[in-house]
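Asker: Sequence:
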Amino acid sequence: TGASSFTEAMRMGSEIYHHLKTVIKARFGLDATAVGDEGGFAPNILNNKDALELIQEAIQKAGYTGKIEIGMDVAASEFFKGSNIYDLDFKTANNDGSQKISGDQLR
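If you count the sequence shown from 1, position 16 lands on 144 in the numbering used here, and the numbers rise without skipping.
Hints listed in this document are in silico derivations from the structure and should not be mistaken for laboratory results.
Each hint should be verified, as a subset may be incorrect.
Label pairs and their calculated CB-CB ranges [claimed, not checked]: (1) Thr-220 to Thr-135: 19 to 29 Å; (2) Val-163 to Asn-212: 34 to 44 Å; (3) Thr-135 to Arg-235: 42 to 52 Å; (4) Lys-189 to Val-163: 17 to 27 Å.
Using N, Cα and C, we set each Cβ at its ideal position, and we do this for glycine too.
With these hints in hand, go ahead and build the complete structure from the sequences.
Answerer: Written out as structure tokens, the structure reads:
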């Protein structure tokens with residue numbers, strides 16, 4: 129959002145990525161900074177909001193607050209339960225259903 133060119137946007141993204149590694153290492157330890165096949169981190173976060181908070185902290189530490197927006201590919205088909213219902217807690221065994229919301233609520 130705040131970049132004036134593709135080159136600047138790539139630099140900003142790269143700086144945030146490196147700050148994210150530092151944030152994750154400080155909070156979860158060195159083992160949590162290993163990357164997967166596609167270059168993503170997978171720390172042992174406790175809930176959905178923790179991931180966004182880590183990214184927001186990295187954006188702030190990189191000095192780009194207000195200049196970067198977060199876009200997500202959340203693989204919604206994985207937690208779509210039919211009849212316009214999404215279970216945000218689908219990975220939790222025996223979840224109580226309190227995290228089921230409609231497609232309209234996701235917007």
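Asker: State for each hint whether it applies.
Answerer: Going down the list of hints, with the structure as the test:
no. : hint                           : result
1   : Thr-220 to Thr-135: 19 to 29 Å : 42 Å, violated
2   : Val-163 to Asn-212: 34 to 44 Å : 35 Å, holds
3   : Thr-135 to Arg-235: 42 to 52 Å : 33 Å, violated
4   : Lys-189 to Val-163: 17 to 27 Å : 19 Å, holds
Hint compliance for this structure: hints 1, 3 are broken, all remaining hints hold.
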